[in-house]
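Undergrad: Each protein sequence line maps, in turn, to chains L and H. The first sequence: position 468 = 468 (UniProt numbering), numbered continuously. The second sequence: position 112 = 112 (UniProt numbering), numbered continuously.
Since the hints were derived computationally from the structure, they do not count as laboratory data. Positions of the beta carbon are idealized from the N, C-alpha and C atoms, including for glycine. Honestly, I wouldn't trust all of these hints.
What the hints assert, rightly or not - Beta-carbon label-pair distances, calculated as ranges: (1) H:E142 <-> L:S4: 34 to 42 Å; (2) L:E240 <-> H:K115: 49 to 57 Å; (3) L:E30 <-> H:H64: 18 to 26 Å; (4) H:S152 <-> L:T202: 40 to 48 Å; (5) H:S152 <-> L:R463: 49 to 57 Å; (6) L:E102 <-> H:P140: 53 to 61 Å; (7) L:E356 <-> H:S152: 29 to 37 Å; (8) H:L133 <-> L:V491: 38 to 46 Å; (9) L:S4 <-> H:T8: 53 to 61 Å; (10) H:V116 <-> L:S4: 43 to 51 Å; (11) L:T202 <-> H:H64: 52 to 60 Å; (12) L:E240 <-> H:I127: 50 to 58 Å.
As the list claims (entries may be wrong) - Below are the EDC-like pairs computed for lysine to aspartate or glutamate, each with C-alpha atoms no more than 16 Å apart in a straight line: (13) L:K272 <-> L:E548; (14) L:K272 <-> H:E52; (15) H:K115 <-> L:E356; (16) L:K594 <-> L:E610; (17) H:K101 <-> L:E108; (18) L:K166 <-> L:E196; (19) L:K272 <-> H:D80; (20) H:K100 <-> L:E108; (21) L:K153 <-> L:E119.
Stated by the list, open to error - One-sided excerpt, in silico: chain L residues whose CB lies under 8 Å from chain H: (22) A400; (23) K431; (24) S437; (25) L438; (26) E488.
Okay, here's what each chain looks like letter by letter:
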Amino acid sequence: MTMSFRESQQLHKVCTIYENAVKIDTTNEELHSHLFMSYVRVGDFRSQQRAAMAIYKFAPKNPYYFWAVMSIVLQAKETEDTTKRNILLTLAQRMIDNFISENRMEAEQEARLYIMILELQEKWEDIIKFIESPLYGQLIPGSISQACIPYLKKLGRWKKVNILCKELLYDNLDRWDYYMPYFDSVFHLMKENSNEENIDDTAEKCHEFICQLVESMSSGRTLRGPYLARLELWKRLSVEGDPTALLGSALALCVQYLRVFASKPCAVPDLKVYLAMIPQEEREANCRDFLTCLGFDENSEPETMDDIQRHISCLTAWRLTAPRPGTTDALQLAATLRRHYLRSLEKNMIKYSTTEFCSADSYAILAAHHYFYAATEQKSSKPILEALCLLELVLLYSPANYHVKLLLVQLYHLLGNALAADSIYRRLELKHIQLVSLGWLHTARADAACVPTRALQLLADLRAFHTHHAKDQSIEHMTYAYKFGTFEKVVELRAWAARLEACALCAVSARRRDLLALLAAPAPPAPPAPLHAAHTDNRDLNIIVNWEPPELQDPDLRSRTFDQDMAYLRLTDALLSSVTLCTELAENKPIEEKMQHYEQLRTCVDTFSEAMEKCTEKYCVYEKITISGPFPSRIIGFVSSPVPYRELYSITLRMIGELSMNNTDKVHELCDQVVAIILISSKLIVQEIRYGAEDNGWSMRDRLESLSNYLQSIGVLTYLLGVCYEMITPTNTKKSKKKANRSVDQMQTIKLIDNINVTLQQAIASLEELMDLWPDYDFSVDLEEELTRMNINPTAPSPVENKLKLGLDKIIEDIQNILKRKTAYLKGLILNTNT
Amino acid sequence: MTTLRPFTCEDMLRFNNVNLDPLTETYGLSFYTQYLAHWPEYFQVVESPSGEIMGYIMGKAEGHGENWHGHVTALTVSPDYRRLGLAATLMNLLEEVSEKKKAYLVDLFVRVSNKVAINMYKNLGYIVYRTVLEYYSGDPDEDAYDMRKACSRDINKQSVIPLSHPVRTEDVD
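Assemble the whole structure, with the sequences as input and the hints as a guide.
TA: This is how it looks when you write it as structure tokens:
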């Protein structure tokens, strides 16, 4: 029974069951534990505390005692009343102090809980005393020095931090988490002017220490730590001064780093952060130093795998520091890089396994970057087609390379072909939490790309994960933490459950799914769940490799696109809520209940309308596209469209509201307005998706997005017309064989609704004509020639042209089928009413 | 150059550059949160200076008596950060934790076809203890090597005397 209550989200009933059970069997440890866990699931910390102490009374075991302590800590964290918080934390601390004095603390997590309580009270000295005590050493493995460092920092004891970090670094040259507090201490001590012998309190001493670390790496592996530490020192010193006199130029240090580590794929990712600290002018003027520091240039032809990796490291560092090339230079460089990849292929140097990439693949990825630059300059799809063909070739020989797969998905979407993108997306085999973190890459885009069937599947997968795994299981995970006594994870798991619950992507996707279903798989939508006060951004936006120089990076991309997505969420929420209220109003209900829904509908429509107005002002600037990030948010296209969606939806929804209340005069007036706005919209969508002389491939994505917004309105309006007919032909009339006696007003209403129906059918017919003329991609690439010239016969032909063509054909076909079904449905509505 | 720190829930949003590798499985949420809730000390991450997750290890301690052992559930390093000794760093950590817990040995399962991984574990002192038939399900199923390394508590190194015959998956505790 408790399982069924848990499945049906009636968690409070589980509490009641166990409360009753323990009244009957007062010393049953298992039942009491279940009671405790039932309170954990509903977040009732006070009841948790009480339940835990109740068990402890008859079963005095440590876990139950610490369950009570943890419950008190959670009450303290939750309250905003400072006095109450302090009292609770003092109580929690005292409970553990007593245990310690009685030598009863047994487990690592009990010690960690104690430290958590002291942290919440900012008792840093007490924490350090505890860490240095024998008890801590018995219970918690690892370095005492390392454990003390965060608290010494809080106390500003920088000399001690300095000494401890140096000791740790002598034995662990590669630990970034030791360098960071070391640098923090140096920079604080520099301000104190202490000048003690063993303390590094000047930039010079710090540099000397790092040099000692470099020299101590005599034989064996050269570690990146000390080299990166020197770069970090330069970066920190450059904030308020010029480190050149002490350390030399940043450029020289970066080039030196590259010389030493270029054979490792991580060299340039490590360096990327520090390249930005070289002043832009100096960086661009000397960018070729990176390319040539190991004797390479852009035309070098390495003969070994290690040299290929070094060449690629030098090329990517060069491109990260060079100014963005114009179209001609970009295309030339892309061709050169492509030739390098093809040469590697020709000479059988493409060696991969199921677990490793081939270094040479990166020639193609860097080439794709330059094709992308040329494409965005020229607004042309041809360079993108070249990139797609090259990357598909790479994937043939390097099927494990997910960087290539991600770029292919990105670039197919850039040309508006979600089905072609889908062919690669499936090969990524994303699962579970990846559906959330990488949902922005494909799922969110499929919805706007006129592939309703596939988009519905993807959105359904995401919803299933969010509902079942994220919500249900997250609550259960908190009980595991108590079960295993892992107190440090209780707070973390709680926060994680809350974060997933409020996931922005999942909220948008749930609403998009229901709206899309009105077009492709109509069913009355359920009212959406309430919006959270603050939704969470769970996107992984760093996954696609990006070798664009620092000035092309967009530091606000995440926050800006998130704000736009939130605005779009609120719009779609208001729209969907309005549609579901219309469904409620069509049901045969008492007038008082209907009145409530009518008022709610009016509010919803007003909210939608006002939000559209605000968004139209705010989101009118078309944004540039990056090779690795989300495309401009859907909201921009939606609110900037010449099609008057605000009026189209608002007027129709208002009309339905008035219809439900039998406000005949208003209904008749609004019906005329609906007809007028459908006619205007029908003309304007043709203008928006006009076919011109420009590159069809380049404009395909924008056109399909515009079309998807319009198709949404077709789906919504068709559904709403069905609702209208439900209202004007109540069930008892349909069942009766006699025609109901209708008043003049009712006849007029039916006539006007029929008129809307016919107008909508005309709009659909006009759209069908547009679809018949939808232009193809212009496919012309020169990779084939290059392959022939180099006598390379790939093991399979290039799939790009086929994928684009077949994908587009399927998109058009599916839309045409949907439109036919809509027309048949609309015709049927008139037929049913008049028979 | 790495930061070595415990895995947190939020790392699940950032581990794609590791998990997109075809041989790295992305499990359901409960898998990760169970390990976080039960064996957090065994669930550690190596992170680059730029904040990218380079790799992680998941493990546990189980068994009774002389079979009390540390187990490597998952060890994975992003393809972009291979050949830096990170797997060895993570395995060292797991072995230290197992020693602290007074385990007799550390063991792990690896696909018989994964030559790179098998070699790496051998270099870290692991031996092939036994073959487990059809341990990995797939099309077709694949055998696993059960590889082991003795801890200091196993004075006579009994736990690493290889078996002469393969075993079935259902016979593995």
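Undergrad: Run every hint past the structure and note whether it holds.
TA: Checked hints:
At roughly 39 Å, the beta-carbon separation of E142 (chain H) and S4 (chain L) lies within the given 34 to 42 Å, and the hint holds. The hint said 49 to 57 Å for the Cβ distance between E240 (chain L) and K115 (chain H), and at roughly 53 Å that hint holds. Checked against the given bound of 18 to 26 Å, the beta carbons of E30 (chain L) and H64 (chain H), roughly 23 Å apart, stay inside it. The given range of 40 to 48 Å is respected by S152 (chain H) and T202 (chain L), whose C-beta atoms sit roughly 44 Å from each other.
Against the hinted window of 49 to 57 Å, the Cβ-Cβ separation of S152 (chain H) and R463 (chain L) comes to about 51 Å, which satisfies the hint. Separated by about 59 Å at the C-beta atoms, E102 (chain L) and P140 (chain H) satisfy the suggested range of 53 to 61 Å. Against the hinted window of 29 to 37 Å, the Cβ-Cβ separation of E356 (chain L) and S152 (chain H) comes to about 34 Å, which satisfies the hint. Checked against the given bound of 38 to 46 Å, the beta carbons of L133 (chain H) and V491 (chain L), roughly 44 Å apart, stay inside it.
One distance hint, 53 to 61 Å for the beta-carbon pair S4 (chain L) and T8 (chain H), is violated here, with the actual separation near 33 Å. For V116 (chain H) paired with S4 (chain L), a C-beta distance near 48 Å keeps the hint of 43 to 51 Å intact. Range check, T202 (chain L) to H64 (chain H): about 58 Å between beta-carbon atoms, so the 52 to 60 Å window is met. With their beta carbons about 56 Å apart, E240 (chain L) and I127 (chain H) fall inside the hinted range of 50 to 58 Å.
A threshold of 16 Å between alpha carbons decides the hint, and for K272 (chain L) with E548 (chain L) the separation of about 10 Å falls inside it, so the pair holds. Proximity of K272 (chain L) to E52 (chain H) is assessed by CA-CA distance (about 12 Å); at most 16 Å being required, the pair is judged to hold. Under the criterion of a C-alpha separation no larger than 16 Å, the hint pairing K115 (chain H) with E356 (chain L) is consistent with the structure, at around 12 Å. Among the hinted pairs, K594 (chain L) with E610 (chain L) is inconsistent with the structure: their alpha-carbon atoms are about 24 Å apart, more than 16 Å.
Of the supplied pair hints, the one linking K101 (chain H) and E108 (chain L) holds, its CA atoms being roughly 11 Å apart against a limit of 16 Å. Taking the CA atoms of K166 (chain L) and E196 (chain L), the gap is near 15 Å; set against the 16 Å cutoff, the hint holds. This hinted pair checks out: K272 (chain L) and D80 (chain H) have alpha carbons roughly 14 Å apart, not beyond 16 Å. For the suggested pair K100 (chain H) and E108 (chain L), the alpha carbons sit about 12 Å apart, so the restraint of at most 16 Å is met.
Pair hint K153 (chain L) plus E119 (chain L) holds up; C-alpha atoms about 13 Å apart against a cutoff of 16 Å. Because the beta carbon of A400 (chain L) sits about 5 Å from the nearest beta carbon in chain H, less than 8 Å, this interface hint is met. With a cut of 8 Å, the hint placing K431 (chain L) at the interface with chain H holds, because the nearest CB-to-CB distance is about 5 Å. Below 8 Å, beta-carbon pairs count as interface contacts, and S437 (chain L) has one with chain H at about 5 Å; its hint therefore holds.
Look at L438 (chain L): its Cβ gets to within about 6 Å of chain H, closer than 8 Å, so that hint holds up. For E488 (chain L), the suggested interface contact is upheld, since its CB lies about 7 Å from the closest CB of chain H, less than 8 Å.
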